[in-house]
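Visitor: These protein sequence lines are chains U and X, in that order.
Just so we're aligned, residue 4 is where the first sequence starts under the numbering used here, counting upward by one.
Just so we're aligned, residue 376 is where the second sequence starts under the numbering used here, counting upward by one.
Treat the hints as calculated values from the structure; they're not laboratory data.
Some clues are possibly wrong.
[What the hints assert, rightly or not] So the derived list for chain X, only partly shown, Cβ under 10 Å to chain U, looks like this:
#  : residue
1  : K460
2  : V471
3  : L472
4  : Y474
5  : P557
6  : K559
7  : Y626
8  : Q628
9  : F629
10 : V630
11 : R633
12 : G886
13 : A954
14 : D1030
15 : D1032
16 : R1058
[Claimed, not checked] Residues of chain U placed beyond 10 Å of chain X at every Cβ, according to the derived structure:
#  : residue
17 : M4
18 : H17
19 : I34
20 : A35
Since the model is a prediction, treat every value here as computed from it, not as a measurement.
Think of the CB as a built atom: it goes at the ideal place given N, C-alpha and C, for glycine as much as any other residue.
Residues per chain are reported as follows:
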Amino acid sequence: MQREHAQQEEINRHLRLEIETLRSPARLEQIATKDLHLVAPTRDQAIILERVTPSAPPEKSIVAAR
Amino acid sequence: MAEKHGGRFQLPWSLSAQRILKRNPAAAADWRDVLRSRLIVCTALLACWTVSIEARLVYLQVIQRDEMMARANRQQTRTVSLPAKRGEIVDRFGHVLAYSVDADTIAAEPTVIDNPDEVAARVCAALDRCGAAQRQQMAERLASKQQFAYLARQVSPEDARRVKALDIPGVLFYKESRRYYPKKELAAHVLGYVGLDNKGLAGLESTFDSRIRGREGKMLLQTDARQRAIATRDEKLPTSGDGLELTIDEYLQFVADRELRAGVAENAAAGGTAIILEPQSGEILALANWPTFNPNAFKTVDTVALRNRAVQDYYEPGSTFKVVTASAAIEEGLIRPSDPIDCSPGYITFGSRMIRDTHEYGVLPFIDVIAKSSNVGAIKVGMKVGATRLTQYVSRFGFGQTLASDFRGQNAGMVWPADQLDPSALASVSMGYQVGVTPLQMAAAVGAVANGGELIEPHVVRAFIKNGGRQEVARNVVRRAIAPETAATVTEIMEAVVDHGTAKATAQIEGFTVAGKTGTASKAEGGHYSKSDYNASFVGFVPSRKPAVVIVVVIDSPHAHGYYGAVVSGPVFRRIAEATLRHLGVGPTLNAPAPVIVARREVPIDDVGPQPVSAPLPSTQPPAVTPGEMPDLLGLSARDALRTLMQVGLTPRLDGDGFVIDQSPRAGALLTRGDTCVLKLGRRPRTAAGGTAQ
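Using the sequences and the hints given, assemble the complete structure.
Guide: Shown next as structure tokens:
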């Protein structure tokens, strides 16, 4: 039982390593640009929703600056 | 007599003896003597045998007890060491950068193996990558007649499976922990690498080896005569090493790597460094060097690629160092940005040495001396500051010191003491020659200007992860280098460099104010300054009034399109900065669009009645999905809308970009799985009443 647990855990570690290898930004960019022909957004295409909201907003609204 | 004997011996044969005695009494007396003497001898022998056995037992079990017990233990038990797992290294968002898993190691008992050459050839043939040299080495080890020999360490699971299938007697398999770097070259110089024995050899793996490595465990197995395990007798579990959470952002590190590599390639340069630093905290978001290496295969790499240039190599910074000269002059109240400085006639002499400007500028305000990077002007200001004070500021900005304790083998750089600076040397220092700095020191110094004057220790370890707990590394303020007012003034001067100075054409970023300084320095080779090799650098921070990042780019020996820092390193800086600002979600600082006021969705959108501000908030949760019914997607971002459509099993078709302003079929329509849905997207979320949000 203990041995089986250890084996499963090790398999889990190998899978996690595989996931992390596949998640490599270099690989993702290669797929995005070469296979899917995506391009980085230009300034006009990218909208930044600011993470920090300035001073307390009015009761019924919030500020979602972009 | 017979009765007497019979009574004494009570032997079973006494009846037959009595019969003999009756026939011949004399013979009977002889027989008794013989029997008695033989019995005595037998008894004595028996007694000796018993005593000797007893004595041996006493000797073994009492006198030799400890030694015998130890020998028994040695023969009946086997100690197996349980290797500890090295702690994992993750980036600031938990993405794994270094990880340990068990790998198979193939070993052998050479004494059991009869034909070493044949076994070596078979094992080698089963391995994926095994050349003649490795096969020869295996054969030699197998021929050595030692108890144990490694054949191949830390092989892939497939390799191990193939060798196991050969089923060669005397070949053993066991697990060893092996370090993997799943992102390969990413942050290789920061992470370092680990040797076969699980010991960190470079980078953070070496600096924090004792913490990351953990403690080895032990297991005591009881074995039978054939050394097969039958029970576990004692066990000490291994303790895993501490994990490291870095300040590195995996994506920004990738961007820095990519842009630096592109910059080096475009300029046919020998190498380079790029650093992204958060000036308020001293956290290093990315540290890239070129050439770089794959830490999974560090043995096959040229030693030049293994060098962490950002901290191990110093360079003469050239004009980027004028930031220090300017800071000293302003802090000491010797000059104001608008004060005129005469830079004519475009050169200055010290004995036979002549230092030139690229153009003859005439009289310039101090701000433009730095913006246009006049050497003559900077030297005149440096002379005003004087050797003692300038050296003090050089130290206050951290030059000549090893600042970052996270890096091993740091170079402190080269700073001359004040008393050795003659006017010519002082002139050199004023414009960034005769002083050696590392790119990381430069980043920390410019970081001090960016954050309002505090020199903060640049660090790459954000927290240690121990037993699930997180020990955060505190921000360490080394000292105050300059006053906040001075920092603000120097920032204005650096803004001028990008606004209308040397970096105007190459480092401006649309929508943001950028503060920067270019630097071009001839490399010293063999006691002379080279006429062909230069270090082209750019340091800067953005947005300049509320800096998110400091970026340093140094390109070594560019040979393609000129060698000036503005031309070579400026574009690399700009590309890194643009991607960084987008990734960090930093909004434009110039002509920023007004914030959009949108209501919280507290009342259902289909409620009738007046609603003053009622646009659905882009970040609201996607609507609850009823199977077979078209959901209401209005106001959702394209991504959220797609996610919702995936749930109901519709094929989406998008028109435009932004948020969903119209949808077909309408909300509530009955659907068949596989239907196509057309979404019309627009920039501004439409309010329920049909207007647009402000």
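Visitor: Evaluate each hint against the coordinates.
Guide: Okay, the hints, checked on the actual structure:
no.	hint	result
1	K460	holds (8 Å)
2	V471	holds (4 Å)
3	L472	holds (8 Å)
4	Y474	holds (5 Å)
5	P557	holds (4 Å)
6	K559	holds (7 Å)
7	Y626	holds (6 Å)
8	Q628	holds (8 Å)
9	F629	holds (4 Å)
10	V630	holds (8 Å)
11	R633	holds (8 Å)
12	G886	holds (6 Å)
13	A954	holds (7 Å)
14	D1030	violated (16 Å)
15	D1032	holds (7 Å)
16	R1058	holds (8 Å)
17	M4	holds (13 Å)
18	H17	violated (5 Å)
19	I34	holds (14 Å)
20	A35	holds (12 Å)
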